[in-house]
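Chains as they are written, first to last, in the working numbering: chain A, 1 to 329; chain B, 1001 to 1307; chain C, 2001 to 2323; chain D, 3001 to 3497; chain E, 4001 to 4298.
One or more hints might be untrue.
Calculated pairs, BS3-like style, for lysine-lysine (alpha carbon to alpha carbon, straight line, at most 25 Å) [stated by the list, open to error]:
{"#": "1", "chain 1": "D", "residue 1": "Lys3166", "chain 2": "D", "residue 2": "Lys3202"}
{"#": "2", "chain 1": "C", "residue 1": "Lys2127", "chain 2": "E", "residue 2": "Lys4206"}
{"#": "3", "chain 1": "B", "residue 1": "Lys1158", "chain 2": "D", "residue 2": "Lys3241"}
{"#": "4", "chain 1": "A", "residue 1": "Lys266", "chain 2": "C", "residue 2": "Lys2239"}
{"#": "5", "chain 1": "A", "residue 1": "Lys59", "chain 2": "B", "residue 2": "Lys1158"}
If you are wondering where the hints come from, they were derived from the structure by calculation, not from laboratory data. Being a predicted model, the structure only gives us computed values, none of them experimental.
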Amino acid sequence: MEKLLHVEMLETEFTKDKQKTKILHGVTFHINKGEVLGLVGESGSGKSLTSLSIMKLFKGTSGEISRGNIQFHNQELTTKSESEMRKIRGKQIAMIFQEPMTSLNPVMKIGEQLLEPIRIHLGFKEKQAKEHAISILKKVGIPRAEEILNEFPHQLSGGMRQRIMIAMAISCNPELLIADEPTTALDVTIQAQILDLLKQLQQKENMSVLLITHDLGVVAEMCDRVVVMYAGRVVEEADVYDLFESPKHPYTKGLIGSVPKIGQKKDKLDSIKGNVPDPSNLPKGCKFAPRCNDAMGICFEEEPPTMTFENDRKCSCWLYKEERGDICV
Amino acid sequence: MLQYIVKRIFEMIPILFIVSIVIFFFTHLIPGDPARLVAGKDATFEEVEIIRAELGLDKPIWEQYVTYMSNLFQGDLGTSLKTGLPVMDMFTDRFMPSIYLTLFSMVWALVIGLLIGTFSAVYKNKWPDYLGMVTAVSGISLPGFWLGLLLIQIFSVKLGWFPTGGIQGWESYVLPSLTLGAGIMSMLARFTRSSLLETLKADFIRTGRAKGLKESVVIPKHALRNSLIPVVTIAGLQFGFLLGGSVVVETVFSFPGMGRLLIDSIAFRDYPVIQAEMLLFSIEFILVNLVVDILYSYLNPKIRYAT
Amino acid sequence: MSNALLKVTNLKKSFSIPNGMFGKKKSLKAVHDVSFIIPEGKTFSLVGESGCGKSTTGRLISRLIQPSEGEIWIDGEEISQKKEAHLKAIRKKVQMIFQDPYASLNPRMKVRDIVGEPLVIHTNLTKAERNKQVSEMLEVVGLSEYHADRYAHEFSGGQRQRIGIARALIMKPKLIIADEPVSALDVSIQSQILNLLKDLQREFHLTYLFISHDLSVVEHISDHIGVMYLGTIVETGPKEVIFSNPQHPYTKALLSSIPIPDPRLRRERIILQGDLPSPVNPPTGCRFHTRCPVATDICKVTEPPVKPGVTPDHFVACHLVDY
Amino acid sequence: SSKESGGKKNGETGDQELVIAVNENFISMDPHNTGDTNSNSVQSAMLEGLLGSDEEGKIITQLAEDYSVSEDALTYSFKLRQGVKFHDGESFNAEAVKANFERIMNDDSLRLYSRGFSLITNIEVVSDYEIKVTLKEPYAGMLTRFVSAKILSPKLLEAGSEEIGKNPVGTGPFKFVEWVQGDHLTVERFDEYWDKKDRVKKITYKPVPENGSRVAMLKTGEAHVIYPLPSQNIKELESNKDVAIQKIPSTIARYVSINTMKEPFDDVRVRQALNYAVDKDAFISVVNAGYGLPLDSIIPSKTLHYEKQELYQHNIEKAKELLKEAGLADGFTAEIWGNTNSDTMKGMQFIQQQLEQIGVEVEIKSMEEGTLSDEIYGAQTPEDTKLQMWYVSWSAYPSDTTNATKPLFYSGSFPPGGANTAYYKNDQVDKWIEEVNMTPDESKQSAIYSDIQSTIYQDAPWIFLGVDEILAAKRANVEGVFISPTGGINVLDANLK
Amino acid sequence: MEVTREVNHSVTVKPVKKYSPLKEFWKNWKRQKTAFWASFFILLLILIAIIGPYIAPYDPYEPNYNEVLQGPSKDHLAGTDEYGRDIFSRLLAGTRISLSVSFLSVLLGAIGGTILGLLSGYFGGWLDRIIMRTSDVLFAFPDILLAIAIIAILGPGLKNVVIAVAVFSVPSFARLVRGATLEGKETVFVEAAKSIGASHSRIMLKHIFPETLGSLIVFISMRIGTAILAASSLSFLGLGASPETPDWGAMLSLGRDYLGTASHVVMMPGIAIFLTVLAFNLVGDGLRDVLDPKTKNE
Ligand SMILES: Nc1ncnc2c1ncn2[C@@H]1O[C@H](COP(=O)(O)OP(=O)(O)OP(=O)(O)O)[C@@H](O)[C@H]1O
Ligand SMILES: Nc1ncnc2c1ncn2[C@@H]1O[C@H](COP(=O)(O)OP(=O)(O)OP(=O)(O)O)[C@@H](O)[C@H]1O
Ligand SMILES: [Mg+2]
Ligand SMILES: [Mg+2]
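Working from the sequences, and respecting the hints, build out all of it.
Right, here's the structure in full:
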């Protein structure tokens, strides 16, 4: 399978008071052409930051990539200038965000906002751009497309807004769509609509999707492969079936066990003890060790390396040191 | 929209009615006897009483109020006790210069304030920001009359660029509006900066950048308009400050405006002028806020389209 | 049903909301004819989508707001129209846990004062006595005395929610209204809190009104469930019935919308078309008819009556259901 | 020094326009109802009375060619100037004069009514150019009133008071052009004026209340004449060869009136002590920047019948001794009132500093003018008043000694009936004042006023401070503009070179 | 937005280190460089206000007619005024007056405004309408005019300047506090307090008032600058302190006649006012950044 995006040993840090805090530590994963990759993890594990790093959207923050490579189509993104990145953003890699409410400019008409990327990236003139916009709106299932162009975001419901966001993202036929929690703010029935739409579009256009979520249900529903993050690190990567069937990392196991499942008559849910650690104050050794029920001596001393298993599975946990598997890094 | 404006204007009537009552009694509460002041220092008791009767000040206050109100409803603002001229006549020459002064001050303050605020926000914590904010903080920290006197010394006496006062042409407005607008300019610069900084953190700015827009599009097109909403509100409220601040500026620049007239009238207990002018100020203030609300709704589509 | 701790009948609430800058006020029917019963020691859950009136129902019952119509019986006492001054006794019996563990704790107060505040209001205990009780209660919810002198924002979300629970429990209430107590938490923490709530219910014989939009959480914790749509309860019954034999088309759709965390169970779903209508202009007839996949003509004009369902304590409001 | 660049730019109005900047707004153009000096100044450019006054304030003829007063001081006869035209083309004659005087007699709300004109019993038009006015009782100030009673065009009189106040029409060397409220008032040369001379084409009067701005205008050439000139700027302007400074002793007396009915001021020794305690020269140099004269009588030296008294020389020892005699060796505390004018504030501070040296602690209460006048004239009887000391000034026409004495020292002039705020009551003085006002003979008047002055000065109802020197400045090319002792600006022969 | 905030909080749990609001404030305060130094300047001013009259090299009231209007020199750091009084000494002595006038008036205004704002925001309804409409009317009169009118009624003098400035501050404070109260009233923790049966007064004082405190402090510090300026404007118009008082505004306004001839008489008090107002504004800015949760962690 063709690799569309390859993120390797990515490290991103923020500076505050002249002090640097590294948030992402050697994040490595890839996305194949036409595939939906899920990125899961608890709040603060660095999911959004990973996506922003890919787009290099650091303006207004102190964030910067300090190490690592991001290969997109064999172009190296980390060394690209801001103006070169602008040509990629919205054209080859598009993005949608969690809050459809705040991600649209409240004082601009939908049309104006939607036409912007079409004009810049496709170079369409007024009329042509508008026609294109309308066809895209139809594609994302928006009725009354022409009227909607003249409306303002607050006149639309959350679901409609998210459709607009999707329309904006796919308007220039991107090869990669990054969707950062696209349905978290939506109701279940609307979430179902949006997920359904995303799936359809992805299949029709053969788009690759990086789907960021903390909802394991969504992952199971949508993704081909899954990357699990914890404390700025990738702790496990697997095919979606493998992951749910036989999660390897205790963290993944904990996550899956914590979710109440319908029909499962369980008086007590599994749970992960403790809390997510502070990125500026991480424990030594495996970052998950203090919360891990299976932690061993070594876990508190040394960070586990990433190990590769059959079926392209990867996991970083000392439990599998003995198992067959190549240690990379 | 038109309907709304008409409604708002109708709503002004009861407010103005209350305001007129307040003003009337407030004015008469000020100690000091206009009859005595009109008569002059060397007047005898009888003279003062004659003048008091002449001015209708010997009647009970409620009767004076009824007269005042009934005249008011007929559009008659009364006659100045001090000059014997109709209040209207005293306003005609002063009103427009005052309005121009306020408007000029507002306009330059808005333009410069927005510019400084925007640059400060965009170059946050870099030298344009520091420069802009130093200017802005200085602007609100300078006593207005002091600034005015300095400007006269520098630009009129030393350089001879602008007249020291009066109203001869547009040049006459330069120094007074500079003085009057300085505070507001600063205020607006600061508000624009913080509002813009807030907006720049918004998700839709990130969306814009993710679309591949340039900063030169993101800032003016996406950010600034959103930031203007609070700025406009502040600007409207500051109008009151302009009306009041003009008193001091008019004094410094011997500018024949409404503020100076009010001070003089208070000094002279010229009731009809004080009342008419306070009323006028209230009307102006209310109208300005109406304009602000309309502008606000223009800037903020949520309000415009609320159904 | 015997021993009903809470009985709500025909509860209604409308808000008047400003209509933009250029218009008159409008009325928003947030809760429209809601009735249910919670037996002592049981958990009743309200589920439904955002804006359907769950929180409003909770706030009405706790009398943070006053109902427009209807009755609320708590522990044999009708409180729907009581004046604020006469509510103090009820406020001891009914406590709330809020969705947002960050916002519901006063950032300027220490944990000790937050948890002890009900004691200050309702009792004449000395400071030492209060502190003792606070410490005990902190232990109960899995925190310790050692946390008492800190400010709320020094805690993680899960810990804060525990503080909120401690505050709710300190007056030994009978009814706890928990408004989305776990929605803001990460899954790993969510399960901690759900487990805690269950334990506490057993230990203190608590009755819960549990509000949530997450059906899987609801299934885990409740005995009875009420499904709300646009201000009304469309289906109510024991959890087993609702989950295994739902009758109302909305319940069915809702159930089918939940993404199931198991890739092998990917299935055809009922995807409801359109958006939630606005409660300012609710549809006529059955409020669900605009999105209902099986709606008929009658649904557009007549409001469906509440009908008995598959078991004695199961009710459905749908024209198309008949038992 | 002044920058010529400014002068050029702002002097663009041309050499034919004279700009005069004064410190206050003009109030009204109705000459029969004007109390303020600035309005008077402007009016005198356009309007003339039967009589006028010269640079010194002496009465001269203007529209009258000649006049006489009868023995009994009741009848005034005027012979009028012929061939005089009003600005609107009407001719000036006895009927016009009569119409003007009748207007004043018949309207009791006009200021001039109660100042003499209410006493008129008969106006007789003897011929077209002769007129006789008869009073019901003698009034020594009447001649001065004929100066004030400017003659307006009969046509204007018909138009009514409102029109008179806005749009005066007289016989003066300049005619009214426009009055932009608060900004300026412009007059233009009247080419048919009876006294033909070279005059400037236009004069613009501007009220400029701020001292600094007025000076700046003079320096830049925006104004040709400024009055008053702030004393602190004199030094700076003296070295400027484009500017000429005028200093004129005025009729403005500055004093502190002492409530002679309040303890401890009811003791003449205390009042004298206060007078000895104050250094008049220092007063003039500090408060008036050195421009002024000590007030060495109860009236300024320019006033008719003035007679110099022996000054209360600055003498702390004597002052202390007097206090001791009065049983106040340790001093006392008192309040001084004054308005919020910055010169007044300065003066009060000075008094405070001076009296401190003899142990009198003075608390300054500066009150806004209206409030102050309420406090002072609100008291209906001498017992009511809270007034102790009042820092104030008084000004009367040089020819009007009555007005410089009667309102201030006559016991019938206690507030609210007059300005005798010292509550000074001396039966002998009262009699003299009554008598002198019945006497038409100037030399007899002089004799009585001599007694009045010495008695009152001895009684020290005031702290006698100083007489202002009027300070004005003009650009060097201005001619024929002078300031009278009352502060009026005379532009009769104004010209620019 | 919501999510990032959660992240920030949930990860800052350091159960070992004990949190102290003061320490945290100090830590953040030190980071506000300009405001930090400005606050030192204000402390210095306060110190001068306390000891100023004792350290003044000359008697601020004592005239010396031999040294009138001298420019700044070794003997007279800021020169002398028209009475030969040492301007530096007068400035030192005036610090107390100018600061206390502005502090007092702002404090009075703040107290009045806070009470009205709290009541108005919390209870709403007719009370709110009355309070807000009244303050609208007050708003409609420009500050200075209002002050002039008040002083016209009460008479000039520092005490009345305090009252006048306080009165015209009331509506702004009332609005500010009302706004914060409306916001505070909607917070969940206030709802929580209500649900446990807390009384109105308890909710207002314990829960809502502390919420308004941050913006109140910021506004007070900004307002002090305004008050100093307003007081000096009133002096300028002849309505302020009695003339011998070394009040900065009075010095400035009485000295303005010397701008062209002995400019230090005006410049010195002008600079003092400018620096003081500047310092208060800078401190206000800094406080806003430190106290406002939105900008606090930047
Ligand atoms: N602008 C920033 N400045 C400093 N730290 C930041 C910034 N943005 C994010 N971080 C930190 O980076 C870490 C990862 O944040 P990120 O937003 O990637 O988490 P996430 O996995 O997307 O969480 P969530 O599920 O809550 O969205 C967090 O600890 C956060 O505090
Ligand atoms: N105080 C109020 N004033 C006006 N409208 C209100 C008020 N409180 C709630 N509403 C409206 O009532 C409706 C029901 O709100 P409610 O908060 O009860 O919904 P909910 O089911 O709890 O939703 P969510 O899942 O978003 O919490 C919503 O449309 C809401 O906007
Ligand atoms: Mg995220
Ligand atoms: Mg809710």
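Given pair status - lysine 4206 (chain E), lysine 2127 (chain C), alpha carbons within 25 Å: With Cα atoms ~17 Å apart, lysine 2127 (chain C) and lysine 4206 (chain E) stay inside 25 Å; holds.
Straight-line alpha-carbon gap lysine 266 (chain A) to lysine 2239 (chain C), limit 25 Å: holds (14 Å)
Restraint check for lysine 3166 (chain D) with lysine 3202 (chain D), where alpha carbons must lie at most 25 Å apart: Within the cut-off at roughly 18 Å; holds.
Pair hint outcome, lysine 1158 (chain B) versus lysine 3241 (chain D) [Cα-Cα no greater than 25 Å]: holds (17 Å)
Proposed proximity, lysine 1158 (chain B) with lysine 59 (chain A) (alpha carbon, max 25 Å): violated (48 Å)
Hint 5 from the earlier list is the only one contradicted by this structure; the remaining hints agree with it.
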